[in-house]
Every structure is written in C-alpha cells, then in structure tokens.
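**Q** Below, each chain spelled out in residue letters.
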Amino acid sequence: MPILELNNVSKIYGNLKALADINLSVNAGDWLSIMGPSGSGKTTMINIIGCMDTPSTGSVILDGVDISKENASSLTRIRRDKIGLIFQQFHLISYLTAVENVMVAQYYHSMPDEEEALEALAKVGLADRARHLPAQLSGGEQQRVCIARALINSPQILLGDEPTGNLDEENEGIVVDIFRRLHDEGVTIIIVTHDPEVGDVAQRKIILEHGRVIDDIDQSATFGEALKLKSKESRA
Amino acid sequence: MFWRMVTKTLIRQRGKMLMIAFTVILGVSLSTAMMNVMLGVGDKVNRELKVYGANITVRHKDAALMNDLYGLSGQGVNDKFLQEEDVLKLKSIFWGFNILDFAPMLEGHAELQGEDVQLVGTWPEKHAVLSTGEELHTGLKALRTWWEISGEWLSEDDNDAVMIGRELADSHNIHAGDTITLSGKSYTVKGVFNDGGNDDSKILMTLPAVQDIMNLHGRVSTIEVSALTTPDNDLARKAAQDPRSLSPDEYETWYCTAYVSAICHQIQEVIRDGVAKPVRQVAESEGTILNKTTLLMVLITILSSIGSALAISNLITASVIERSQELGLLKALGAYNWQIVLLVLLEVMITGLFGGILGYFLGIGFAQIIGQTVFGSYIEIARMVILIVAVILFFVTVLGSIPAIRYLTALKPTEVLHGK
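Residue numbers (numbering that gives the first Met the number 0), protein chains in the order written: chain B, 0 to 235; chain R, 0 to 419.
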C-alpha cells in the first residue's frame with residue numbers, strides 16, 4: 000500500500016520547469032534516496048512531498064489525501080502531523096537547549112513533554128547533551144538533535160534534505176546507523192543526497208536530471224550489505 | 000514552551016528590544032506630558048490670562064441697556080445703581096470658586112484746581128470673611144496688575160488718599176506724596192498710575208470716599224469680575240442668546256459648566272437688577288488661546304505617536320527579517336501564521352509595556368517640569384491619561400507591527416530553509 004504517490008507532478012517557476020511529469024510511488028516503511036546533480040529538482044521534490052510547496056500540475060497523494068489542492072493552513076496541519084523534517088543546516092534554534100529544540104516541535108504538534116523529548120534524544124545517543132545549546136554541540140550532534148526533533152511526533156514519513164551534507168565521515172556513519180534503526184522500526188524514510196555512499200545504503204534510489212526521473216534503482220539485493228559496509232566504515 | 004521562547008528571545012534580542020523600549024519611552028513620555036499639560040493647562044492658561052483684567056462686567060439693567068443701545072456708560076448716563084451689599088454674593092454662586100477677583104466701581108466727578116475731573120471709587124483691596132467661613136482677598140489691585148505705579152497703591156481704608164492717573168498728574172504737575180483738594184476736601188496723593196488707557200485721566204479713590212462725595216452711600220455703578228471660564232461651544236453660544244431655548248438636559252449641562260454665559264447667568268441671580276456681560280475681547284482671547292494650546296498639545300501627541308509607530312515598525316521589521324530563518328523553521332515544524340504572529344506581537348507588547356510604564360512616569364516628570372517652567376506650579380496628574388496612553392501604546396505597537404506581520408505571513412519556510 001503506497002503511503003505516497005506522485006502522479007504527473009510538474010513544478011514550473013516562470014520559464015523554468017523544475018519538475019516535469021514526475022510519477023513516483025513510495026510504500027510505507029520504504030527507504031528511498033533521491034539523487035541527482037544540482038538543479039535537478041531534488042529540493043523542489045522534497046518541498047512538495049514535505050507540504051512546503053504545491054505542484055503546478057499533477058497530484059500528490061499522501062496517506063490517501065491529495066495534498067496538491069490543499070491551502071497553506073491545511074498543508075501546515077498535514078506537515079505537522081505526518082512529516083518529520085531533517086535539514087542539511089540542522090536549523091536548530093540557537094537560544095534553546097537540545098531538549099527545548101525537540102520540545103518546540105511537540106509544542107506546535109500537541110503538548111510539550113520534556114520526558115518524551117529526553118527519550119528521543121537518548122534514542123539518538125544524546126541523553127547527556129540534552130541541556131546544551133546548539134553552539135556547544137558538534138555538527139553530528141546537532142544533526143542528531145534535528146533527527147530527534149523530526150521523530151518526536153511519530154511522523155509517517157521522515158524527509159531528509161542532504162542530512163549528511165555537513166557531516167564528517169564518522170558522523171555520517173552514525174546518522175546512517177540511526178536511519179537503519181528507524182527503518183527497522185518501520186519508519187518511511189526519504190532522503191535527498193549528493194553523496195553516492197548515502198544514496199547506495201537506501202532500499203531504492205531514484206536519479207533526477209532536469210526535473211525528470213531518469214533512473215529508478217531497486218537496491219533491495221545489496222541493501223543489507225551496503226549498510227553493514229557503511230557502519231563498519233564509520234566504526235573504523 | 001511558548002513563554003520560554005518569548006523570554007529567551009527577549010533576552011537574546013535585548014539590544015533591539017531595548018531600542019524598541021527606548022522608542023516607546025520617548026513616545027509615551029511625550030504623550031503623557033502633553034496630555035497631562037493639556038488637561039491641566041486650562042485653568043493655568045486662564046490664570047495667566049487674568050493679568051489682562053476682568054472678563055465680566057456687571058451693570059444695572061437700565062445702564063446696561065443704554066450701553067447696549069447707545070454705547071454710553073459711566074457717570075451721568077442714568078441714575079440706576081447696583082447695591083454694594085450684593086457684591087460679596089458673587090462668591091456664593093455655583094461657580095463661586097471660579098470667581099478669582101472682583102471690584103465694584105462707582106464713577107463720580109469733582110473739582111480739581113478749578114477743573115472738573117472724573118473720579119472712580121473702588122475697593123483697592125478687600126479683605127472679608129464670607130458667610131461660608133471662607134476668607135476673601137480681592138480688589139482692583141488684583142485686576143490691574145499691568146498698572147505702572149509711582150508711589151503706592153491705596154489700601155482698604157485709605158479714605159483720605161487718592162491715586163491719580165498719569166495724564167492728569169502730568170497736566171496738573173501732581174506727584175506721589177502731594178496733597179490735592181477735591182471739592183473742598185484735602186486728599187493725599189498716594190500714587191500715580193499709568194494704565195495706558197482712558198483711566199489715565201481719572202482719579203482713583205476708595206469706594207466710601209466717592210460715595211461720600213456723590214452722596215450715593217451703598218451704591219455702585221459697575222462690578223468688574225475676573226472669572227475662570229471654559230471656552231464657548233455651540234451649547235454655550237445657544238445659551239448666551241437665550242437660556243430658555245435650552246432643553247432641561249442642555250440647561251443642566253450648560254449651568255454646570257463654567258461657560259462665561261453660565262457664570263454671567265448665575266451672577267445675575269445674586270446681583271439685584273444686575274446684568275452681567277462678558278468682556279468679549281478678553282473672553283474670546285482666552286478661549287482662542289486655550290483652544291490653540293490644546294490643539295498644539297494634541298498635534299504633538301499625534302506626531303510623537305506616529306513617529307514612535309514608524310520607528311517601532313522599522314525595528315520590528317528588522318528584528319523579524321533577522322530571525323526569518325528561525326520563524327520559517329517554526330512554520331516548517333507546524334506553526335500556523337497566527338501562532339508566529341502572536342509570538343512576535345507578544346514579544347513587542349511586553350517590550351512596549353515595559354517602555355510604556357517607564358515612559359509614563361518620565362512623562363509625568365516632563366509635565367511637572369513644563370508646569371514649573373511655564374506656569375510656576377505643578378500640573379495635576381489626570382488618571383484618565385493612563386487609559387489614553389495605554390490605548391495609544393496598543394495601537395502604536397500594533398500599527399508599527401503591521402509591516403512585520405505582513406512579512407511574517409508571506410514568509411515561506413522553503414525560502415529561508417533552503418535559500419530558494
């Protein structure tokens with residue numbers, strides 16, 4: 000049963016066609032990576048899937064609801080309830096501690112619960128860094144706070160925009176390891192990445208070029224092996 | 000969580016918030032000072048204007064008729080007089096406290112060095128205790144503050160002394176300290192006054208002295224009254240034409256307001272056969288000056304509010320643009336527009352409230368400085384200014400936030416989070 004379907008989705012900015020007739024189906028629990036060169040439409044695609052933008056044409060069915068016709072307020076509600084966002088630049092609020100950054104997402108979703116937020120941080124290995132400000136955390140730690148924040152409201156899809164783009168190899172491995180665990184728990188993961196190694200560890204990889212899907216690769220066969228290799232590299 | 004974000008933002012952005020608070024302090028202090036001065040200045044401006052003399056004259060109704068019809072006044076116009084015993088009743092009217100000073104006048108004539116001269120009898124000074132127990136100190140001296148005197152003013156009991164107008168003194172070569180003979184009786188010239196008007200050719204005496212000469216005991220021709228009045232409006236003008244044309248409600252409002260026409264009406268109720276008329280030139284000047292002063296204060300308040308709103312607008316917009324990434328993130332995390340607007344508005348409101356309270360007390364200080372410097376007395380603090388300032392502050396802050404709110408509602412998370 001697909002949790003996400005893109006049917007003939009196009010996004011046009013003036014004369015520029017950022018996405019052209021994209022058709023894509025993602026099943027619940029899938030781990031998909033989206034790759035392609037700069038300007039290929041990766042971020043536009045993730046913005047549309049993440050309810051932060053709407054397509055110019057076509058439909059986007061998220062959990063059975065066509066979000067392409069929704070207004071800004073509905074998109075905010077859907078994004079809040081169904082999507083967890085991870086950013087390349089982490090985007091943590093600088094004056095709030097790690098746990099408070101996680102609680103902000105809770106606050107706008109339902110009710111802040113510090114205990115639950117601390118558990119989420121513990122899940123990404125940051126239990127002892129919960130009271131630190133972002134400036135006191137390394138890049139990898141900041142990204143893990145960002146993941147904890149994305150996961151705190153139990154989203155149906157975890158969307159990552161270059162989540163390892165600003166990390167060294169060791170932290171990249173840690174983050175990939177977290178994704179693996181989340182995948183094992185049944186979380187649907189969609190990651191935009193430039194990094195072929197991160198792209199290769201997903202179950203499925205699509206390649207975008209000039210706003211079109213030029214390749215859709217099923218990596219199920221090598222999925223487990225690639226992950227083990229990535230984990231081993233990071234531990235080394 | 001919400002309050003944690005608000006307080007931490009206030010602390011983190013303290014530089015900008017202090018600038019906003021400073022702007023509010025300036026605007027509110029100016030508005031507070033101007034409004035307190037505006038509300039408290041009426042009586043003070045009026046008191047300042049009292050140096051220009053009486054603003055109401057009371058005559059016998061027949062004498063007033065002659066004055067109205069033919070412009071005639073003074074001795075010899077008719078033989079109708081007011082009663083001296085009624086004069087003190089002026090302080091018993093509803094607006095008695097607004098009657099600042101008054102003096103009865105009796106005009107007469109006598110022979111000086113073979114020439115007929117005009118006499119004016121009055122209360123140079125009058126000290127009395129009213130039936131209410133209130134002590135009264137009044138007299139012509141308080142109504143002729145602009146007179147230049149060489150020598151001294153007459154005192155209350157100087158029935159054997161006179162003051163003489165500068166023109167008459169010069170033409171007869173009379174000086175302070177000299178003795179003159181009026182209709183066969185000797186008087187000491189206590190002072191020579193310079194009025195700059197018709198009075199310079201007259202001789203001023205105490206009221207009993209002129210009453211003796213004219214054999215008009217207990218009579219006065221006119222009463223000059225200096226009263227604090229409220230500038231006329233349509234109701235006052237309507238009442239001035241005919242108080243009977245007013246509805247009962249209008250009459251009550253008019254009677255209980257210190258319009259010059261209401262005070263004149265009340266004077267007529269206590270002075271037998273008296274007709275009280277405003278000295279239009281003085282009364283209208285007072286009203287005009289008061290209205291213009293009020294207008295000036297209102298304009299300063301409005302301009303300072305607009306200035307504050309513009310400055311606040313710039314500061315808030317700059318602050319929001321600086322925080323656009325953070326606010327965009329909140330939107331991406333599921334915050335609705337109104338929640339973001341509420342967050343920013345609350346931060347500004349708290350800052351505004353802080354600035355408003357400081358500005359209010361600073362404004363009270365400014366009002367007192369203005370009061371002391373301009374009027375030589377403290378300005379009474381009007382409580383209603385707190386409410387007015389609070390409303391102004393609210394609107395200035397909200398109006399100043401409009402550009403920032405528009406920016407916030409148009410802000411797309413994708414633009415600030417991905418730089419697109």
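What the hints contain is simulated information worked out from the structure, not anything from laboratory work.
Hints should not be assumed to be uniformly reliable.
Each computed SDA-like pair below joins lysine to any residue, with the alpha-carbon atoms no more than 20 Å apart [to be verified]:
1. R:Lys7 / B:Arg130
2. R:Lys15 / R:Thr293
3. R:Lys411 / B:Arg79
4. R:Lys276 / R:Ala239
Predicted model only: the values in this text are computed from it and were never measured.
**Q** Taking the numbered hints from earlier one at a time, note which ones the structure violates and give those numbers from smallest to largest.
**A** 2
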